[in-house]
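Number of protein chains: 2
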Amino acid sequence: MFRAILFDAYGTLFDVHSVTSLAEQLYPGQGAALSQLWRERQIDYSRIRTMSGQYRPFYEITDDALTFACARLGLPLSAEQRRRLMAQYACLSPFPENLPALKALKALGLPLAILSNGTPAMLDIAVKSAGMAGLFDHLLSTHAVQCYKTAPEAYQLGPDTFDAPAKDLLFVSSNGWDACGATWFGYTTFWVNRAGQPPEELGVVPSASGSSLNDLVAFVRARQAGGKA
Amino acid sequence: MFRAILFDAYGTLFDVHSVTSLAEQLYPGQGAALSQLWRERQIDYSRIRTMSGQYRPFYEITDDALTFACARLGLPLSAEQRRRLMAQYACLSPFPENLPALKALKALGLPLAILSNGTPAMLDIAVKSAGMAGLFDHLLSTHAVQCYKTAPEAYQLGPDTFDAPAKDLLFVSSNGWDACGATWFGYTTFWVNRAGQPPEELGVVPSASGSSLNDLVAFVRARQAGGKA
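If you're matching them up, the sequences are chains A and B in order.
The numbering of the first sequence is my numbering, which starts it at 1 and goes up by one.
The numbering of the second sequence is my numbering, which starts it at 230 and goes up by one.
Honestly, I wouldn't trust all of these hints.
Claimed, not checked - Computed list of chain B residues with no C-beta within reach of chain A, every gap over 12 Å:
hint : residue
1    : A261
2    : R301
3    : A308
4    : A316
5    : A330
6    : G363
7    : L368
8    : Q426
9    : S436
To be verified - To spell it out: a stretch of chain B is covered by chain A in this simulated footprint if at least three of its residues, at any positions, have a beta carbon under 8 Å from a beta carbon of chain A; those stretches are:
hint : segment
10   : 267-277
11   : 400-410
Hint data in this document are derived by calculation from the structure and do not stem from the laboratory.
Even glycine gets a Cβ: it sits at the ideal position worked out from N, Cα and C.
Chain A extracted, bound-state conformation (with noise of 0.2 Å):
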């Protein structure tokens, strides 16, 4: 059986796009329009800052692509709709699934852990004001190797962590890309193809998927009682 699993956060267990209701109150008939833009650019962002040995915290990178995707769809942005925007994305809405999949899962007595981009001080928030605060064993934070997966480095924060071969750990994304990064890394995979989005072509297939978190819990029942038999 899984050592641990590890959890992306954003778009994971996270909504990135549950800032979309504020930012439609904000700029009425614009708020998805800049909801995809403003995660668009802070994936950029981290990409070019890790590939040019330029990191900066992803809290600041996020209000980086925030000031980007707003002059770029001509929005004007006061400090006060900064201050609420940023302050949304510091409280996302977790998807609806996913607290009672967690509690299966750590009633199966496996450790759990997040492994994120975020900072320490927005995975400590995001998760408090989720509800799951006790949940995980570990928020680990790529700030801690000052770069941004898919670098190795960011991945290699598991197997320390754990003191576990990348390959007994399961390692769970939503983000097609990151599921790809961790496979590569070694890990056995997961992908939460929340979207029903086609592969990513990138010669890489993750060891599982499944359309929900629900999916995921089901995937490790099965193993775990493969792993009994």
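Once you have looked at the hints, place chain B on chain A.
Frame of chain A; chain B shown alone:
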């Protein structure tokens, strides 16, 4: 004065969206969406593979990105459709002002080069089909270092080729992230902001910018006049 001028290829010299008309012919009503998603995924894959140390040549990731983009948009992709789109990508249209602008820069006595993610074979065909043969002293492909911009190893090809510090070389790109990456690396940079985009929020600003290669010619002439004064 600058010791040489280095150009990004895709988006800067060659219009990556010039495949749109063929895409529109093959998939009526979806040409622009396919062209855009294809380009986005191509760049994503270059970054993810660089971060993960999983280099594959640009021709392959361009093909992979096409596969993904068609699947995501629900478009069929026959072997013949793939062949035609990839062939079109090999012979992208140059932006209209580029050929006279490059000739004007060449007439100033400056060595010109391309520094691109494209493979040597892709660059060779693109330059010839655009009528630019003989204008460049070097076609530098990041294939030589098995990674993609904005990795420092990729930009290092310029100083190595011209035996000059990066600040004495002018790097030109229409991709804001590329202009920023080259500025971080140490080049003097010119951002060809064709689409009037807001600046990338990366905490670094290109040395100069303009809306076309004509503005670049004016910038270089002014520098040359200043240098001689």
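Evaluated hints:
1. For A261 of chain B, the non-interface assignment is confirmed: its Cβ lies about 16 Å from the closest Cβ of chain A, beyond the 12 Å cut-off.
2. With a least beta-carbon separation of about 6 Å from chain A, R301 of chain B fails to lie farther than 12 Å from that chain, contradicting its non-interface assignment.
3. The claim that A308 of chain B lies off the interface holds: its Cβ sits roughly 16 Å from the closest Cβ of chain A, which is beyond the 12 Å cut-off.
4. Interface exclusion of A316 of chain B from chain A stands, the closest Cβ pair being 19 Å apart, more than 12 Å.
5. Under the 12 Å C-beta cut-off, the non-interface status given to A330 of chain B relative to chain A holds; the minimum distance is some 27 Å.
6. Taking the minimum C-beta to C-beta distance to chain A, about 33 Å, the non-interface status of G363 of chain B holds against the 12 Å cut.
7. No Cβ of chain A comes within 12 Å of the Cβ of L368 of chain B; the nearest lies about 22 Å off, and the non-interface call holds.
8. Consistency note on Q426 of chain B: stated as away from chain A, yet its beta-carbon is not over 12 Å from all of that chain's, at 7 Å minimum.
9. Distance to chain A confirms S436 of chain B as a non-interface residue, since its nearest Cβ pair spans about 17 Å, more than 12 Å.
10. Coverage of the segment 267-277 of chain B by chain A holds in this model, with 5 residues showing a Cβ closer than 8 Å to a Cβ of that chain against a need of three.
11. Residue count for the segment 400-410 of chain B with a Cβ under 8 Å from a Cβ of chain A: 3. That meets the three needed, and the coverage hint holds.
Of the numbered hints stated above, those contradicted by the structure are hints 2, 8, listed in ascending order.
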